[in-house]
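Start from chain A and add chains B and C according to the hints.
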Amino acid sequence: MNKKIITLITDFGTKAGYVGAFKGVILKINPEVSIVDITHEVNPFDVWEGAWVLNSCYEFFPLGTIFLIIVDPGVGGPRKPLLIKSENCYFVGPDNGVFSFIYEKESARGGLEIVHITDERYFIGKPSSTFHGRDIFAPVAAYVSLGVKIDEFGKRASECFKFKIPSPQISKNEIIGEVLYIDGFGNLITNIDQNLVDKIERMNSLEIIFKRKKIEKISKSYFEGRKREILALVGSTGFLEISANQGNAQRILRAKKGDKVIIDC
Amino acid sequence: MNKKIITLITDFGTKAGYVGAFKGVILKINPEVSIVDITHEVNPFDVWEGAWVLNSCYEFFPLGTIFLIIVDPGVGGPRKPLLIKSENCYFVGPDNGVFSFIYEKESARGGLEIVHITDERYFIGKPSSTFHGRDIFAPVAAYVSLGVKIDEFGKRASECFKFKIPSPQISKNEIIGEVLYIDGFGNLITNIDQNLVDKIERMNSLEIIFKRKKIEKISKSYFEGRKREILALVGSTGFLEISANQGNAQRILRAKKGDKVIIDC
Amino acid sequence: MNKKIITLITDFGTKAGYVGAFKGVILKINPEVSIVDITHEVNPFDVWEGAWVLNSCYEFFPLGTIFLIIVDPGVGGPRKPLLIKSENCYFVGPDNGVFSFIYEKESARGGLEIVHITDERYFIGKPSSTFHGRDIFAPVAAYVSLGVKIDEFGKRASECFKFKIPSPQISKNEIIGEVLYIDGFGNLITNIDQNLVDKIERMNSLEIIFKRKKIEKISKSYFEGRKREILALVGSTGFLEISANQGNAQRILRAKKGDKVIIDC
Numbered sequence: 001m002n003k004k005i006i007t008l009i010t011d012f013g014t015k016a017g018y019v020g021a022f023k024g025v026i027l028k029i030n031p032e033v034s035i036v037d038i039t040h041e042v043n044p045f046d047v048w049e050g051a052w053v054l055n056s057c058y059e060f061f062p063l064g065t066i067f068l069i070i071v072d073p074g075v076g077g078p079r080k081p082l083l084i085k086s087e088n089c090y091f092v093g094p095d096n097g098v099f100s101f102i103y104e105k106e107s108a109r110g111g112l113e114i115v116h117i118t119d120e121r122y123f124i125g126k127p128s129s130t131f132h133g134r135d136i137f138a139p140v141a142a143y144v145s146l147g148v149k150i151d152e153f154g155k156r157a158s159e160c161f162k163f164k165i166p167s168p169q170i171s172k173n174e175i176i177g178e179v180l181y182i183d184g185f186g187n188l189i190t191n192i193d194q195n196l197v198d199k200i201e202r203m204n205s206l207e208i209i210f211k212r213k214k215i216e217k218i219s220k221s222y223f224e225g226r227k228r229e230i231l232a233l234v235g236s237t238g239f240l241e242i243s244a245n246q247g248n249a250q251r252i253l254r255a256k257k258g259d260k261v262i263i264d265c
Numbered sequence: 001m002n003k004k005i006i007t008l009i010t011d012f013g014t015k016a017g018y019v020g021a022f023k024g025v026i027l028k029i030n031p032e033v034s035i036v037d038i039t040h041e042v043n044p045f046d047v048w049e050g051a052w053v054l055n056s057c058y059e060f061f062p063l064g065t066i067f068l069i070i071v072d073p074g075v076g077g078p079r080k081p082l083l084i085k086s087e088n089c090y091f092v093g094p095d096n097g098v099f100s101f102i103y104e105k106e107s108a109r110g111g112l113e114i115v116h117i118t119d120e121r122y123f124i125g126k127p128s129s130t131f132h133g134r135d136i137f138a139p140v141a142a143y144v145s146l147g148v149k150i151d152e153f154g155k156r157a158s159e160c161f162k163f164k165i166p167s168p169q170i171s172k173n174e175i176i177g178e179v180l181y182i183d184g185f186g187n188l189i190t191n192i193d194q195n196l197v198d199k200i201e202r203m204n205s206l207e208i209i210f211k212r213k214k215i216e217k218i219s220k221s222y223f224e225g226r227k228r229e230i231l232a233l234v235g236s237t238g239f240l241e242i243s244a245n246q247g248n249a250q251r252i253l254r255a256k257k258g259d260k261v262i263i264d265c
Numbered sequence: 001m002n003k004k005i006i007t008l009i010t011d012f013g014t015k016a017g018y019v020g021a022f023k024g025v026i027l028k029i030n031p032e033v034s035i036v037d038i039t040h041e042v043n044p045f046d047v048w049e050g051a052w053v054l055n056s057c058y059e060f061f062p063l064g065t066i067f068l069i070i071v072d073p074g075v076g077g078p079r080k081p082l083l084i085k086s087e088n089c090y091f092v093g094p095d096n097g098v099f100s101f102i103y104e105k106e107s108a109r110g111g112l113e114i115v116h117i118t119d120e121r122y123f124i125g126k127p128s129s130t131f132h133g134r135d136i137f138a139p140v141a142a143y144v145s146l147g148v149k150i151d152e153f154g155k156r157a158s159e160c161f162k163f164k165i166p167s168p169q170i171s172k173n174e175i176i177g178e179v180l181y182i183d184g185f186g187n188l189i190t191n192i193d194q195n196l197v198d199k200i201e202r203m204n205s206l207e208i209i210f211k212r213k214k215i216e217k218i219s220k221s222y223f224e225g226r227k228r229e230i231l232a233l234v235g236s237t238g239f240l241e242i243s244a245n246q247g248n249a250q251r252i253l254r255a256k257k258g259d260k261v262i263i264d265c
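Chains as they are written, first to last, in our numbering: chain A, 1 to 265; chain B, 1 to 265; chain C, 1 to 265.
Next up, chain A with everything else stripped away, as it sits in the complex (with noise of 0.2 Å):
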């Protein structure tokens, strides 16, 4: 058997001492378990982009493994606590939409299997209101480490919450598509996905506008153009990508997401 990995997605930051807590609360239930830094870096509060980080790396990780994901702002209110299964990994968090993207593909793969938490058997002490990551998420993943089966925690519900995905407008020359995400480089991450890069691709001749910026091709790598060039491409994640070679495309265009990028052809 595998050794059992747990993965963090947080919005904690490294500072304090709120990821140490919720890892010391895991090796205590699971000494033999794998924690997995993903992330802590998650800007605060910010579901999208907790849901966005977990679905640009979950399926790289072996079967089984577990993604703890805590961010949590409305940490003491009404939403749920959910623990997920999919045919291949489980799930943890708040049903505040961080499970938006994965929950189209892992449905689409087989059937999720959705628990609304509520046994405190699993919860650490009388859980505090402000920290569910450590008094509940966390033990509750180090014991789906340990085997417990999902129906143990509470009972099923039928739906978790899921933000609406802008799809990019497409007509007959022209698609309008939206940057859904920036990442650490400042490549601009938009909701226009590698079927339609390739669709375009066959038209005789493109042009994307983004911030009065005209470009004119897709490239295959960054490392195209001169320095700090502003150019187009299908990025890891297979979505296209305004980049700059070996420069930070937000910042040299001023660019935020939710900016629309137009493709005429």
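Keep in mind the hints are simulated off the structure, nothing from the lab. One thing to keep in mind: the hints can contain errors.
Any copy, or any two copies together, can satisfy a pair, since identical chains are not distinguished.
[Unchecked claim] Below, in silico cross-link-like pairs of lysine-lysine (DSBU-like), each with a Cα-Cα straight-line distance of 30 Å or less:
1. K85 - K211
2. K213 - K4
3. K213 - K227
4. K105 - K28
5. K211 - K28
6. K220 - K15
7. K28 - K4
8. K199 - K220
9. K260 - K15
Structure of chains B and C alone, referenced to chain A:
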């Protein structure tokens, strides 16, 4: 037997190779140990902050955990390297106040054994006078994880240096506390603990005054009131916090460590 | 047999899911390997800094450690992916200078074997042209950790690209060095090594001039002089540093990489 754990709290940041160096030192001595990053983002030279972070998370870890705390502005000076064994765990770090918070709690639980680390057999080469984290503290922690007894490392010491932790001033109708620590969300954590808050809540009315702002109740969670509204609650560390719903109270109130909070009741 | 270790040095930051993705790739291939974060905070595209960080910590790790270095501004361009085996350990990364420092030391210790990675059996899917860290370097490191022989990955190469590392200019009464690296504390690390400092210290007098500041001795530790006083010492990496007692010399002196330091003796 449980897998041994060494946790890391440092002010080194993760940009340079220093953290890598002492992770390497630990793994060369004990390749089987689990290294757990708590934080490397303690404010440089801020021993108080290191002491707070340790205190806020250490109790969640398994029995036998070895806590390595390297916030050491006096490296190469007269401060002693210490190894402390409590009933539940081990602490390794400089004698500069970094153990101030845990000392009280752990000595109340049972005998604390303090060793002044001097035996060079457990050091790396001839220790530098600039990086005891790598040359003394990391290898000592690793040898402790291998089962070397604490008296092998040096002679017993009777005490360690402790900061004076300010207590709230309590009079008949007023409590004056202060901000001890500010976390990454901007929550202002004070020295007024759960017990004191419980007493206050039994009063007919209360008014919390912080930087001319008046707060008239103790909230249960961050998720109360309007967005960015300032509120007071007992946070996950067990102390009264001044916070903002999905906002950064430190920035909104321009607060800093040591700022006074007054409760009239 | 020791547990296998793969260490990570990247410029990805930890905000996005990229680091998570290649940790997942590694663990899917070898769930038993220990992944050790050295840093993900190398300045974006700064190959020199990545080379320095690697050099400053790799010798502390156990025999057989696999060092993965992904600072790769030329991804998708002509630079080759390399696997290097030294007497003690393995290095995986792009042929862009990131091995400049370790090449000298490791080739002096014994034969260096360099392999140009080309065998797609060890890649993830059809590699993207934007993220070889995930698609080539991470899986290759993981297969090395499983014991796959280096010649399985491609043909031998005789050389790798190396930066010219500036040497100090030494004349009868003067040494002119320069700042090679600035760490997170603001310590300015120069190219003047311990041996050269030992020679200088045997002189009757010395004067170090840095940005019009005069320093008249070599200190033993950071903890000398007044708080924030500028001092010179041989730091833990074995080179002369310009530093400040509990302060940030980079900020106090507005220093940058390449700034000259002059020693008159």
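Ascending list of hint numbers which this structure does not respect: Violated: hints 1, 2, 5.
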